[in-house]
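Student: Here's the letter readout for the chains.
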Amino acid sequence: MTLYSLLFYLLAIIILASTVMAVTRRNLVHAIIYLVVSFFGSAMLFYLLGAPFLAAIEVIIYAGAIMILFLFIVMMIDVDRHKERLFPIRQCLPAIIFGLVYAAVGLMVTFGHSGSKASMPIAVATPNAFGRFVFEHHWLAVEIVSLLLLVALIGALYLGRLKIEKSAAAGKETP
Amino acid sequence: MNVPLTHLLTLAGGLFFIGIWCAVTRRNLIMVMLGIEIMLNAAALAFVGASLRWQQMEGQAVALFVLAIAAAEVSVGLALIICIYRRYRTLDPAKVQ
Amino acid sequence: MQTADFTALTPLLLLAAAIAAVMLQIALKRSHILTIVLTLAGLIAAMLGVLAVGDMPARQVTPLVTMDRLAFFFIGLILTATAATALLGCRYWEHAVGQCEEYYLLLLVAALGACVLAAAHHFAAFFIGLEILSISLFTLMAFARRRMASVEAGLKYLVLAGISSAFLLFGIALIYADVGSLAFPIWTARLQAAGETVSPLLLIGMGMTVIGVGFKLALVPFHMWTADIYQGAPAPTTAFVATVSKSAMVALLLRLFAPVDFTAEPALFWTLAILAFASMIVGNILALRQDSVKRILAYSSIAHMGYLLVAFLSGGPAAIAATVFYITAYTITVLGAFGVVTVLSRTDADADSMSDFQGLFFSHPWLAGVFMAMLLSLAGIPLTAGFIGKFYAITAGAQGGIWWLIITLVLTSAASLFYYLRIVVAMFSPPLENKTQPPAAGISYSGGLVLTVMTVLLIWVGSAPGPLIDLIGRITQ
Amino acid sequence: MQSFWLIPALPLAGFLILALGGGRLSRGAAAVVGVGSVGLSAVLTFWAVFAFLAARPEQGAFTQNVWQWIAVADLTPAIAFHVDALTLTMMGVITGVGFFIHLYSVGYMAGETGYARFFAYMNLFVSAMLILVMADNLLLLYLGWEGVGLCSYLLIGFWYRDPANGYAARKAFVVTRAGDTAMAIGLFLLFDRLGTLHIQELMQRAVDTWPAASAMPTIAALLLLGGAVGKSAQLPLQTWLPDAMAGPTPVSALIHAATMVTAGVYLIARTHVLFELAPAALTAVAAIGALTLLLAGFSALCQTDIKRVLAYSTISQIGYMFLALGVGAWSAAIFHLVTHAFFKALLFLGAGAVIHALDGEQELSRMGGLRRELPLTFLTFLAGAASLAALPLITAGFYSKDMIIWEAYAAARGSLIWWFAALGGALLTVVYTFRMFFRVFEGPLQTRVHHAPGVSMTLPLVVLAVLSLTAGFVEMPRTLGGVHLFSTFMAGALPMVQLDPAREGHEWFFQVLSAGLVLLALLVSWRLFRRPIAHRAAGADSPLKAALQRWWLAGWGFDWLYDRLFVRPYIFLARINRNDVIDSGIDQIARGAQTLYRTASATQTGRLRTYAASMALGAALVIALAVWS
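Residue numbers (the working numbering), protein chains in the order written: chain A, 1 to 175; chain B, 1 to 97; chain C, 1 to 477; chain D, 1 to 629.
Excised from the complex, chain A in its bound form (with noise of 0.2 Å):
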């Protein structure tokens, strides 16, 4: 066991324990805060897969702006006052009928597959290598999700605006 593969397996280990602590708390800020882990953990995984990049953008942009941005929202809502009940037992046969699926699956990929048992090589793609080949062979990706951030941004714009919906309010008052 080389030391990458230690590091593999101790940041797999960080990420699942956060995500798992994350999704089973009832405060919210709890859970933002252990994703926030998890994200960072995967950050240094994407580094450690040869994406210095990419973890670059996997702890700007998702543990830090969406991250930040939920807990904005947490922080607006007040969340004390929504308690939620956990692990409702209704909830249990579906979650058993995929877990069974999944894990055969899962098992099934494990074990029951060649191709992907070799040990992956080291590589590194450098940020610079990679601007290269996302501008030269992904232009036309780029600038149609120029066009989905510019959607979102139009959506949570209009979605989120405060105003007309006291103006629709008082409308309501005056039929």
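Warning: the hint list may mix true and false statements.
[As the list claims (entries may be wrong)] Over the 10 Å line for every Cβ pair with chain D, so calculated as not near, a few chain A residues:
1. L6
2. I13
3. A56
4. P121
5. E136
[Stated by the list, open to error] Among chain A residues calculated to face chain D with C-beta under 7 Å, some are:
6. I97
7. F98
8. V101
Please keep in mind that the hints were generated in silico from the structure rather than gathered at the bench. Glycine included, each C-beta is placed from N, C-alpha and C at the ideal position.
For chain A, the structure is supplied; the task is to place chains B, C and D on it using the hints.
Tutor: Here is chains B, C and D on its own, set in the frame of chain A:
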């Protein structure tokens, strides 16, 4: 890195499963969104791993797009959740009817 | 990056330009009518672009998209449906409280996403297009923010579409891990060649892709969202979901699975066949006693996608043509049907329950006539586009020898007559006492235009489908 | 002959005018459009008959290609007409009888709302029926077939305010649809095997491809027979026709007596080549016909509603036609179709006049003594009843029915069993016909006459009465001089009947026997039914007889049987016992579907988490399917 791809995929699959479990069973819209984020992150992880296996950058490029998509989805989703919260004063999807 | 690339992308570029123009216009001066004009101008320009470059030889632009005749055909279809939706929305949003110009902007972006899907040649294009479509769609669904049902519809679509696209992405990752490429031809070749010894990774990936496709097409068991969203979303959005999002997905279905020989890959065949079978049965059963017209149309859309899959699964050369024909006929019909629903609706309350349609023949005979034509087309009565579509599907199925699916198709569509006729009967029944007809003002020109065009197309395709069949024959070669 | 297309197009145009401008037309204008369009088609049809007789076209048929519809691979259905002797006969019946019924409706429907709507549907029906008989390919025929079904549905439910009428309309639609589905499958099968739907070509290819009596033509013929049985209300799909009497009486006369219900006969005659390749199917046709004519005859005997008597009588007479088809007596079947169209339309119109006069009264027990009140109706009704009962020598019904009875025995495919059935049916016919006749016109007056029929109603009665008496002279048996105008006319389209030479000599004996028996039956019914019911009521009702009467009144309990057959898979036994299953009929299918619907709807909770969970579950299933299938 002397780890077979299957182990990485198992890790990604585990994350994915936790994500779907969270999205399906939790009774809080924010947690549901978090579950979807976890699933997307798992997919990105799998892409990067596969990218390494084939020694290509294509998987990494796709993982980059996945991150962009996750950000976009979260922003609109949270806006919608705010919109709902303003109206219903709850985050329990069962009460939004 | 060459000039030829840009030429091939003309319709998409024009559409993107229209998006930019509309956005600037909204930023500078809000004006509903101006936005509509700009939107329509952009759509028409893009359609002209399709006509101009549609006959060029296929060209692959970056690994992402291939602009071939099939892509241009579907782009044309998507643009037409978008234009119809915009025209329908024109009167619908006129009296909306607050600002509604963003609606058209979102429509345009969604159309662009659908176009990317239609031309996709690469899994990245698949999910990027899909996500653009989804994200604009759930905003469009929640657009009538004053209505609880509308916001609720948006929320449901947000969560379910999010889950389904996560499945899709993970599936794609698995396919990539196994195949080492994200281009469609390579994966279909791999699926084809592998035969019996196909690796589980690929199979799981394929299954997850089917989940993504099945969700958008609302196949059973991924159909749960359909009724609530058709009912809750504003009527123009529903028309859009039912046509644009479905036709784009069908285009993708063709690119993704049509090259696969089903005899060599029984797993794929059986997965899709069982989904088709379940969709036909469950869709029709759910529609039987519905009292909400929008829900009836929702459930019937589930069944129709099942019928479409029958055509698709027949394999062989007729399959693709039959599928393309079916979705074209379906788009025309559904636009007409939701056109009538939209025309009868107002921003604060859609015409929906059976009682809203009772006696329609006496208050609006023409509307009732159009709606009846659309319903008969959905039921597959001869001389309508729907009949030819269904007939074509059955012919293709018979050539492919999938008799059990054909028999299901015939039996369930016979049963479907029941609920279509229920609406027709309601329209011809005497109007209810003490009930206010939704639109007293009459039909707007824009709505009337859409309905007229769709009815003419419906009858034309139904009575003389030759030209359309020839066109489809040319593009699917 | 380039104007054939006008014949169905004129009523269609009439329909469009009436449907689109109906509200704005005056009643007079609506009547002119409705009657005039059919009248013009009738004129054109008779002109076409003369043209046909004057210069017989090659291959015995005019053809006209109006419009190519689609071209998918081998399939090139077009709107194209094939007009031969069989088609011309049908067209004559449809437009001729149709015209008189339209004319009659002007008076009959005068007081009704929805006047224009009525004529619109009637015109649409005539148009669809003409398309059905003129089509040169099975797809166009099917279009007409569904078109007449739709019109039948609309017209049965014409008085839509009464839910019972809507129920009857739905029942008719659903039951015939069961047959139509079989027929549609038959069409697909034929197309799949022979690669064409063009009727003449199809027949040619069938003969070339399939050996006689092999499995394929038998299956195809049986599937087509399924469609014919549904449309023509034969066993086991006969249950809808008595209920279909809910529509206005002219509708019953036109659709449910003269034309649409004989479409099944036409279909079998049109595809006779296929049926000749399948002797088993032909035997099935004959057996269905024989069984139906007897069962329906018994039911007609016990009905208390004048229109239901006529409805069962129609089922029974079509049974005769099926029997004739089954033994290969093609032109006898068509001949009976024509005379039946005349006298049954007459009877329905006469019954309509009676109902009209009595202000909507349909119960036989409340009629009586109308001979003096409605003399013209009495006389014409007598002519119709005599023709239906096939009184010897002087009625058209005699010649056509005698031809069937004789050929049921003497044809190469005939047998003594068929002869007995046909003869028994003939006796039943006499009894139930005159039972009805005496109940209506003899005895004391029961209900006051409100208004006598006007001239637009009496004129059709007179014309049809004359036809009912004289139309038979175009075809007379050898024993009576041997006039064979009709069968020679038909010879171009349908093969001549093959008589068994060994039996041919006995013709006069059989004819005298059946004629004598008919007269005897007439005497019996005179004795039985001349007097009003009250006189016989005391000793008549032994329990067995009462039970039998009830059983036959309910049409041999087929509705009940279908309940049992279709309910069981769907509904729990307990619910069957609790519910009154007598008259819920095929609705039970719908009820079963409803149960499924409720189960399926239970999943549509509207709750996001349920949906998400079901998606996850569905995803697991799909993945499992993909991996392990």
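Student: Now look at each hint and say whether the structure bears it out.
Tutor: Quick rundown of the hints versus the structure:
1. Remark: the non-interface label on A/L6 is consistent with the geometry, its nearest Cβ contact in chain D lying 33 Å away (cut-off 10 Å).
2. Distance to chain D confirms A/I13 as a non-interface residue, since its nearest Cβ pair spans about 26 Å, more than 10 Å.
3. A cut-off of 10 Å between C-beta atoms confirms that A/A56 is not in contact with chain D; the least separation is 33 Å.
4. Residue-level check passed: A/P121 sits 29 Å from the nearest beta carbon of chain D, beyond 10 Å.
5. With a closest Cβ-Cβ approach of about 35 Å to chain D, A/E136 is found to remain outside the 10 Å limit, as its non-interface label requires.
6. About 6 Å separates the beta-carbon of A/I97 from the nearest beta-carbon of chain D, less than 7 Å, and the hint is met.
7. A cut of 7 Å between beta carbons decides the hint on A/F98: the least distance to chain D is about 4 Å, and the hint holds.
8. Residue-level restraint check for A/V101 holds (minimum Cβ-Cβ distance to chain D is 4 Å; threshold 7 Å).
The earlier numbered hints are all upheld by this structure, with none contradicted.
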